[in-house]
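**Student:** Sequence:
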Amino acid sequence: RSFSLAPAQGSSVGPSPPFSVPTYRILGQVHGTYLICETDDHLVLVDQHAAHERIGYEKLKKGPREKEAASQRLAFPLTWETGKKEAALLETHLGTLQEAGLDIEPFGGQSFAIRACPALIPEKKIPALLGEIAAELETLETSTALEKVRDHIFKTMSCHAQVRAGDSLSKPELEHLLKEMDEYHATHCPHGRPTSVEIPLDQIAKWFKRT
Numbered sequence: 483r484s485f486s487l488a489p490a491q492g493s494s495v496g497p498s499p500p501f502s503v504p505t506y507r508i509l510g511q512v513h514g515t516y517l518i519c520e521t522d523d524h525l526v527l528v529d530q531h532a533a534h535e536r537i538g539y540e541k542l543k544k545g546p547r548e549k550e551a552a553s554q555r556l557a558f559p560l561t562w563e564t565g566k567k568e569a570a571l572l573e574t575h576l577g578t579l580q581e582a583g584l585d586i587e588p589f590g591g592q593s594f595a596i597r598a599c600p601a602l603i604p605e606k607k608i609p610a611l612l613g614e615i616a617a618e619l620e621t622l623e624t625s626t627a628l629e630k631v632r633d634h635i636f637k638t639m640s641c642h643a644q645v646r647a648g649d650s651l652s653k654p655e656l657e658h659l660l661k662e663m664d665e666y667h668a669t670h671c672p673h674g675r676p677t678s679v680e681i682p683l684d685q686i687a688k689w690f691k692r693t
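Numbering of the sequence shown is given in this note's numbering, commencing with residue 483 and proceeding in unit increments.
There may be inaccurate statements among the hints.
Unchecked claim - Here are the simulated PhoX-like cross-link-like pairs (lysine-lysine), alpha carbons at most 25 Å apart as the crow flies:
| # | residue 1 | residue 2 |
| --- | --- | --- |
| 1 | Lys544 | Lys691 |
| 2 | Lys549 | Lys637 |
| 3 | Lys691 | Lys549 |
| 4 | Lys607 | Lys566 |
What the hints assert, rightly or not - Distance ranges between label pairs, derived from CB positions:
| # | residue 1 | residue 2 | range |
| --- | --- | --- | --- |
| 5 | Leu622 | Ala595 | 43 to 51 Å |
| 6 | Asp684 | Pro654 | 27 to 35 Å |
| 7 | Gly591 | Pro654 | 39 to 47 Å |
| 8 | Asp684 | Glu657 | 21 to 29 Å |
No wet-lab data here; the hints were simulated from the structure. Glycine included, each C-beta is placed from N, C-alpha and C at the ideal position.
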């Protein structure tokens, strides 16, 4: 089975350009990190975490319109404690966190009760996610526009989405990842890293001195 993604132009190794009509055929997965595919004239490596990070980011930006980004109530609220400075930063941005699908509220002292989060964030990752969000907020100027603050939060959240480097994926999961890469035009992660690299077969032939 194949899905439509675009080939690289020219004959040099490099990041894949915007997706188009040609297809990627799945060959396998390496170290639970890279997806190996082929086209008629290229070998393709996909960074599964970078790709899923971009997909998660795009879903989070859509908010409740996207099922996986919609806030899901936890079966049992979590409690989480942090430092005084971090707690103050989070309290300042409770409204923005709520818009991002994170339903948290002060729970006495420097503790918070977490009642809901987007479905694409595993529950076990929520404490680490909040810690990173607090650290990210600390780097922003107090005058930073709300939209930029929200975007920083989405980028941090997408990094904690379900697929990480080292995760072994089944064939259907790999196929679904490619399908969503095509759907969301996931050429780069939210931080600018390429999600895939294409190697022309003629370049591989040169490495083996076949041409």
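**Student:** State for each hint whether it applies.
**Tutor:** Going through the hints against the structure:
1. Note on Lys544 and Lys691: the hinted pairing is violated, with a Cα-Cα distance of about 49 Å set against a maximum of 25 Å.
2. This hinted pair checks out: Lys549 and Lys637 have alpha carbons roughly 18 Å apart, not beyond 25 Å.
3. Between Lys691 and Lys549 the CA atoms are separated by roughly 50 Å; this puts the pair beyond 25 Å, and the hint is violated.
4. Pair hint Lys607 plus Lys566 holds up; C-alpha atoms about 21 Å apart against a cutoff of 25 Å.
5. About 25 Å separates the C-beta atoms of Leu622 and Ala595, a value inconsistent with the hinted range of 43 to 51 Å.
6. For the pair Asp684 and Pro654, the beta carbons lie near 33 Å from each other, so the given range of 27 to 35 Å is met.
7. Distance hint for Gly591 and Pro654: a CB-CB separation of about 46 Å, consistent with the stated range 39 to 47 Å.
8. Taken as a hint, the range 21 to 29 Å holds for the pair Asp684 and Glu657, whose Cβ atoms sit roughly 28 Å apart.
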